[in-house]
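Given chain A's structure and the hints, the job is docking chain B onto it.
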Amino acid sequence: MNVPVALGSLGKPCESEASPADRLQAAWSVLDTVPDPEVPALSVRDLGIVRDVVVGDAGTEVVLTPTYSGCPATEVIADSVRGALQEAGFGPVRVTLRRAPAWTTDWISAEGRRKLHAYGIAPPGPVEPEAPGVAVPIRIRPRGVDCPRCGSAQTERLSAFGSTACKAMYRCLACREPFEHFKPI
Amino acid sequence: MTDSTALRAGAAEAAMAGAVLGRAASIAPGATPSVRYVLRLADTCLIHAQRLGEWCGHGPILEEDIALTNLALDLLGQARALLTHAGQLDGQGHDEDQLAFLREERDYLNLTLVEQPMRRSSAHAPGGDFADTVLRNLLLAQWLKQHWRALAGSCDAELAAIAGKALKEARYHVEHAAQWVVRLGDGTPESAARMRAALARIWPYTNEMFIDDEVDACAEANSLGPRRSSMRPAWRAAIGAVLEEATLALPADSAFVSTGSRGVHSEHMGFILAEMQHLQRAYPGGTW
Numbered sequence: 001m002n003v004p005v006a007l008g009s010l011g012k013p014c015e016s017e018a019s020p021a022d023r024l025q026a027a028w029s030v031l032d033t034v035p036d037p038e039v040p041a042l043s044v045r046d047l048g049i050v051r052d053v054v055v056g057d058a059g060t061e062v063v064l065t066p067t068y069s070g071c072p073a074t075e076v077i078a079d080s081v082r083g084a085l086q087e088a089g090f091g092p093v094r095v096t097l098r099r100a101p102a103w104t105t106d107w108i109s110a111e112g113r114r115k116l117h118a119y120g121i122a123p124p125g126p127v128e129p130e131a132p133g134v135a136v137p138i139r140i141r142p143r144g145v146d147c148p149r150c151g152s153a154q155t156e157r158l159s160a161f162g163s164t165a166c167k168a169m170y171r172c173l174a175c176r177e178p179f180e181h182f183k184p185i
Numbered sequence: 186m187t188d189s190t191a192l193r194a195g196a197a198e199a200a201m202a203g204a205v206l207g208r209a210a211s212i213a214p215g216a217t218p219s220v221r222y223v224l225r226l227a228d229t230c231l232i233h234a235q236r237l238g239e240w241c242g243h244g245p246i247l248e249e250d251i252a253l254t255n256l257a258l259d260l261l262g263q264a265r266a267l268l269t270h271a272g273q274l275d276g277q278g279h280d281e282d283q284l285a286f287l288r289e290e291r292d293y294l295n296l297t298l299v300e301q302p303m304r305r306s307s308a309h310a311p312g313g314d315f316a317d318t319v320l321r322n323l324l325l326a327q328w329l330k331q332h333w334r335a336l337a338g339s340c341d342a343e344l345a346a347i348a349g350k351a352l353k354e355a356r357y358h359v360e361h362a363a364q365w366v367v368r369l370g371d372g373t374p375e376s377a378a379r380m381r382a383a384l385a386r387i388w389p390y391t392n393e394m395f396i397d398d399e400v401d402a403c404a405e406a407n408s409l410g411p412r413r414s415s416m417r418p419a420w421r422a423a424i425g426a427v428l429e430e431a432t433l434a435l436p437a438d439s440a441f442v443s444t445g446s447r448g449v450h451s452e453h454m455g456f457i458l459a460e461m462q463h464l465q466r467a468y469p470g471g472t473w
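Residue numbers (the numbering used here), protein chains in the order written: chain A, 1 to 185; chain B, 186 to 473.
Looking at chain A on its own, in the form it has when it is part of the complex:
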């Protein structure tokens, strides 16, 4: 167990006047400033991967849920979260990974969706439950995704896989520009 007196960044006991609720709010605000390394338009909080934050006397615990099994950004994100909170005086910070329930794009915040769109990435639609039965979907055109540049619904998918695990490649048939789509998962 840690010593029950937290040390602030200046090495003094940090018995600040801020209430625990304010401190927690402040910790969440710090996480608003930590970008996703692969989609820097989004903060880790927008992305919905921060599942819990506990600010205690002996430090801070952050629970993250990884996006994709093979996402190479997972370690980088954990380091950035740790660094940002420590710098803001919330150390020592412990980051734990929670796999279940699995992350879904439904957890991306409304603000996150707005930022994605502004960044030129079509945000994900709602995740649809898997159709019952054994049928494998073939020759089914994926649902329309609107072009984030001109807003046209006349778009087509070039590939379900893109520059990162979370994105698909599309092109707009109206403005002829290629764009990325954050695919629902």
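Any given hint might turn out to be false.
Stated by the list, open to error - As a list, the in silico EDC-like pairs of lysine to aspartate or glutamate whose alpha-carbon atoms are at most 20 Å apart: (1) Lys115/A <-> Glu180/A; (2) Lys353/B <-> Glu130/A; (3) Lys115/A <-> Asp146/A; (4) Lys353/B <-> Glu343/B; (5) Lys115/A <-> Glu38/A; (6) Lys115/A <-> Asp32/A; (7) Lys353/B <-> Asp106/A; (8) Lys353/B <-> Glu128/A.
For the record, the hints were derived by calculation from the structure and aren't laboratory data.
For chain B alone, coordinates are given in the frame of chain A:
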């Protein structure tokens, strides 16, 4: 040679052996059924990911090059989580890297299918056939997807969590592979002929996916996961529907049963392991 130079030479040799030509000793995971059950899945994901990685920079079109390596990345992530978990179940303190790189061939428990040459040719098998790759992706992705769905209800909470995540990824893998199988099978005479040849070559290896042994019996008895044979009907129905759409006939089953998941591999396994293990064997514990 004076004593001191001999000593120095000896020390240099020892340093060489340790630092430059070091040899990481092999590790041997325990043989308990639950460890073996998890390793079978982990190794199948790991070796299939390694084979798919051979396409990196060589895909027939840029989009497909990226897609194949995306699939490999997902599979590698799944393998990492499973290997870590297998190490914990085994209780010998082995981490994912040690399990991935320091086992002997007989201790790898992947399906024989995934170790077969994919893009590159070997002395005994032709490689480089894209039809082979997309078909293999379909057969395996559907098999894995059914595993993930069943494992999401495992009594092992960590295994269930890994499966819950992987299931979402596998949906995209199956869809992508199925679209290619249909496009090539119902494509030009050349692409259809290639698909038929790939099907004839690969199909005999699918028996292993559904043959039970004591590891499966134990997994089922302990509610760890499904026995492999239980997944055959749904797998055949799903694959059959895609092949029908692709105008390809479901091949007749053969009597051949490969044995990779029991640790007895084909001649290709040693070569892929040599490639995968070289760095960790020569530079033990080396990191990026």
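We went through each hint and held it up to the structure:
{"no.": "1", "hint": "Lys115/A <-> Glu180/A", "verdict": "14 Å, holds"}
{"no.": "2", "hint": "Lys353/B <-> Glu130/A", "verdict": "10 Å, holds"}
{"no.": "3", "hint": "Lys115/A <-> Asp146/A", "verdict": "15 Å, holds"}
{"no.": "4", "hint": "Lys353/B <-> Glu343/B", "verdict": "16 Å, holds"}
{"no.": "5", "hint": "Lys115/A <-> Glu38/A", "verdict": "14 Å, holds"}
{"no.": "6", "hint": "Lys115/A <-> Asp32/A", "verdict": "13 Å, holds"}
{"no.": "7", "hint": "Lys353/B <-> Asp106/A", "verdict": "13 Å, holds"}
{"no.": "8", "hint": "Lys353/B <-> Glu128/A", "verdict": "11 Å, holds"}
Comparing the model with each earlier hint shows no violations; every hint is respected.
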